[in-house]
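With chain B held as given, fit chain V onto it using these hints.
Protein chains: 2
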Amino acid sequence: MKKFINAPENVVAEALAGMAAAHPDLIRVHTDPDFITRADAPVRGKVALLSGGGSGHEPMHGGFVGRGMLDAACPGAVFTSPTPDQMLAATRAVDGGAGVLHIVKNYTGDVLNFEMAADLAKEEGLDVAAVVIDDDVAVQDSLYTAGRRGVGATILAEKICGGAAEAGADLASVAALCREVNGAARSMGVALSPCTVPHAGKPSFTLGEGEMEYGIGIHGEPGRKRIPIEPADRVAEMLMEPILADLPFRQGDKVLLFVNGLGGTPLVELYILYRKAAEIARSHGLTVARSLVGPYMTSLEMAGTSITLLRLTDDMIRHWDAPVVTPALRWGA
Amino acid sequence: MKKFINAPENVVAEALAGMAAAHPDLIRVHTDPDFITRADAPVRGKVALLSGGGSGHEPMHGGFVGRGMLDAACPGAVFTSPTPDQMLAATRAVDGGAGVLHIVKNYTGDVLNFEMAADLAKEEGLDVAAVVIDDDVAVQDSLYTAGRRGVGATILAEKICGGAAEAGADLASVAALCREVNGAARSMGVALSPCTVPHAGKPSFTLGEGEMEYGIGIHGEPGRKRIPIEPADRVAEMLMEPILADLPFRQGDKVLLFVNGLGGTPLVELYILYRKAAEIARSHGLTVARSLVGPYMTSLEMAGTSITLLRLTDDMIRHWDAPVVTPALRWGA
Chain B
1 MKKFINAPEN
11 VVAEALAGMA
21 AAHPDLIRVH
31 TDPDFITRAD
41 APVRGKVALL
51 SGGGSGHEPM
61 HGGFVGRGML
71 DAACPGAVFT
81 SPTPDQMLAA
91 TRAVDGGAGV
101 LHIVKNYTGD
111 VLNFEMAADL
121 AKEEGLDVAA
131 VVIDDDVAVQ
141 DSLYTAGRRG
151 VGATILAEKI
161 CGGAAEAGAD
171 LASVAALCRE
181 VNGAARSMGV
191 ALSPCTVPHA
201 GKPSFTLGEG
211 EMEYGIGIHG
221 EPGRKRIPIE
231 PADRVAEMLM
241 EPILADLPFR
251 QGDKVLLFVN
261 GLGGTPLVEL
271 YILYRKAAEI
281 ARSHGLTVAR
291 SLVGPYMTSL
301 EMAGTSITLL
311 RLTDDMIRHW
321 DAPVVTPALR
331 WGA
Chain V
1 MKKFINAPEN
11 VVAEALAGMA
21 AAHPDLIRVH
31 TDPDFITRAD
41 APVRGKVALL
51 SGGGSGHEPM
61 HGGFVGRGML
71 DAACPGAVFT
81 SPTPDQMLAA
91 TRAVDGGAGV
101 LHIVKNYTGD
111 VLNFEMAADL
121 AKEEGLDVAA
131 VVIDDDVAVQ
141 DSLYTAGRRG
151 VGATILAEKI
161 CGGAAEAGAD
171 LASVAALCRE
181 VNGAARSMGV
191 ALSPCTVPHA
201 GKPSFTLGEG
211 EMEYGIGIHG
221 EPGRKRIPIE
231 PADRVAEMLM
241 EPILADLPFR
251 QGDKVLLFVN
261 GLGGTPLVEL
271 YILYRKAAEI
281 ARSHGLTVAR
291 SLVGPYMTSL
301 EMAGTSITLL
311 RLTDDMIRHW
321 DAPVVTPALR
331 WGA
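Which chain is which? The protein sequence lines are B and V, in order. 47 is the number that the UniProt record's numbering gives to position 47 of the first sequence; each next residue is one higher, with no gaps. 90 is the number that the UniProt record's numbering gives to position 90 of the second sequence; each next residue is one higher, with no gaps.
Pulled out of the complex, with its shape left as it was, chain B reads as follows (with noise of 0.2 Å):
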C-alpha cells in the first residue's frame, strides 16, 4: 500500500482537519462526533442539507459543503458509514428553523443511521425529512444495499435542492424536489482496478490486466459482469444504454450529462469518454443542456468512471445555474 497517510485509523481526523485549514472560509470542521458545517451555519429561515457517508468518496460529501449546496456533512470511516450521533448534532447544528433534509444514499448501514438520527431529532421536536437516493441501474440488490445503490445522482440532488433551499423552499418542497431529481436520474459505473482502504491494506478485489468490472459499486462491489476491457466508445455506449433503457427519456428532453471520474482514471479519459456519451444522448435526440466532468464522486484511486443522466425540468436548470459556493463546486458568486 503505497498511501501518503500517517496511520491508518487517522487518515479521516487527519484530512478533515486538512479541508479546515485549506477552507476556513467556506466550512467550520466539528470533532467528536465528525461532522462538517457551512461557515455561516445555521442559516435563520433556510431549509438545511445534511448528508453524509463513507469517507474514501472525496470530494464527496464534504467538498460540496457551503452556500447554495449542503449546510452539513458527516464523514464515517473510510467506505463505513457514519454513526447516529454525528448526523444528531449535525442536524441540530444546522437547523435554522426551517427544517433539515437528510440526503442519503441507498446503502443499508447509511439507512439506517440517518433513520435513527432523524427519529432521535424529531423526539427533540425538530423538523426532519430525508430521501434516500437509488440512482444505480446495474445491480438491483448488492452486498451492502438493498434495491439500487446511490451515487451520482446524489451531487446532482444536493446542488440543485442546495439551489431550492437558497431561494427560500419548504421544507416539503424542498424533499419533493429531491425526489423527483432521484427519480429522474439514473448511473452506471465500470472500473478498471480496485482500491485498497487504509485499513485493509490491501486492494478491496482483484482484476486480471485485460479486465474490467462493469456496473461496479463505489465500494468495489461487484457489478453486473466481469469482462473483456473494451474500447472507450464501446465502454460509453454500454453505460449509456442501460441508463437510456430505464427512464423514459424522450425525444427533445433536456438532461445533464455527469461524467464522473473514480479517483485514478485521468481527465483526458473522462472527457473521451464524455464525448461518445454525448453523442450517444443527442443521437436518442436527448440536448444536453448541463454538463459535468470530473472526479467527484471517487472510489480513493480506483480507476474507473462513472455515468449519470439526468432528465431536466426548467425548475432543476435554474436551481443548477444559481450560486453555489463550496470547496469543490463553485460558480456564479
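Heads up, a few of these hints could be off.
As the list claims (entries may be wrong) - Restricting the straight-line Cα-Cα distance to at most 20 Å, the calculated cross-link-like pairs of lysine to aspartate or glutamate (DMTMM-like) are:
| # | chain 1 | residue 1 | chain 2 | residue 2 |
| --- | --- | --- | --- | --- |
| 1 | B | Lys202 | B | Glu221 |
| 2 | V | Lys2 | B | Asp233 |
| 3 | B | Lys254 | B | Asp321 |
| 4 | V | Lys254 | B | Asp25 |
| 5 | B | Lys225 | B | Glu237 |
| 6 | B | Lys225 | B | Glu209 |
| 7 | V | Lys202 | B | Glu230 |
| 8 | V | Lys202 | B | Glu209 |
| 9 | V | Lys2 | B | Glu237 |
| 10 | B | Lys202 | V | Glu230 |
| 11 | B | Lys254 | B | Asp314 |
| 12 | V | Lys2 | B | Glu230 |
| 13 | B | Lys2 | V | Glu209 |
| 14 | V | Lys254 | V | Glu279 |
| 15 | B | Lys254 | V | Glu279 |
Claimed, not checked - Which residues of chain B face chain V? A few of them, derived with a C-beta cut under 10 Å, are:
| # | residue |
| --- | --- |
| 16 | Ala22 |
| 17 | Pro198 |
| 18 | Phe205 |
| 19 | Glu211 |
Derived by calculation from the structure, the hints in this document are not laboratory data. No experiment lies behind these values; they were computed from the predicted model shown. For every residue, glycine included, the Cβ atom is placed at its ideal position computed from N, Cα and C.
Same frame as chain B, but now just chain V:
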C-alpha cells in the same frame, strides 16, 4: 495498459472534442492546428494570455481557458510540446489589439517552440511577450530541461495574470506581474507510482513497492533521489524544507499554499498533506492567506503530489480573488 481510450493516436483529438461538447459556454476548440480559446475571444483591448504544453496534465492548460484566466491553450501530444504553428494560430486568434503574453513552462521543447511562434507573430506585427516559469526546486537540470522545470507556479501565474489582464493592465505590466509570481513561487513534487503514456503502452519508469521518487518531474523525469516511502507528515516536511530554504520567505509573509495531486492520489491524502504543510508554514511565521488543493497539474494517473508556495503581494491577492470562469477553476462570477 488499462485506459478508457480508443486508439493512442486519437487521445488528444477525442479529449478536445469532449471538452468542446462539455463546455460550449466557456471555450471553443479549434483544430488543424489544435488550440482552445475562450468562447468570446478575441477580447478587444484586453491583453491576451496564452499557454500550452504537452497533454496528459489536465486540467492544465485547457481547463484554465476562460474569463479571468487564459485566452488560449495549445495542447501537444501526450507529454510532447505543442508546435509553433499551434502557438502562432492561437496567438493570432486571441489578439485583441493589446498584445499577447505567452506563459511558458521551462521545458526545452516548449521554450524553443514558443520562441519561434513569438518571432513569427512579431513578424506579422503582433505584440508578444513571453515569461518562462521555472519554479521547481528539485533539480537544476533535468531530462527535458535546462535549468529548473516549470510546474505548479504556472497555474498561479495564469490565474493572477488573468485577473490583471481582465482589470485592464497592459502587456508590459502583465508580463512583469508574471515574472514577479514566478520569482516568488517555489515548488517540489514526489511520486509513489509512474504513469503510462498511451502511445508507449508501458509505465515510464518503475518504482519498487516501498519506494518513492523524491523531486519527480511531471513527465516522470528523475528527481533528487529514490528513497523508501515515508509517512505523509514527513513527506510534507521533505517538500516544504527545500521550498522554504530557496526563497526568503520571511516571518509575516502572506503565502498561497497549493497542494497539487498528480492524478492518482485521492483528495483525502492531499488534505492530509495540506494539513501538515500549512502547519509547517505557520511554524515559520507565514500566514497562509490563500489555498488551492486538488489535481490541477497532473501526470495522467501518476500517484504523487507537488507543493507550491507563493509569497503573495496585495496585488496578487486581489487578482487571485478576482472572478474566474473556466472549466476547472471557477469562482466569483
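Broken hints, by number: Numbers 15 and 18 - these are the hints that the structure violates, sorted from lowest upward.
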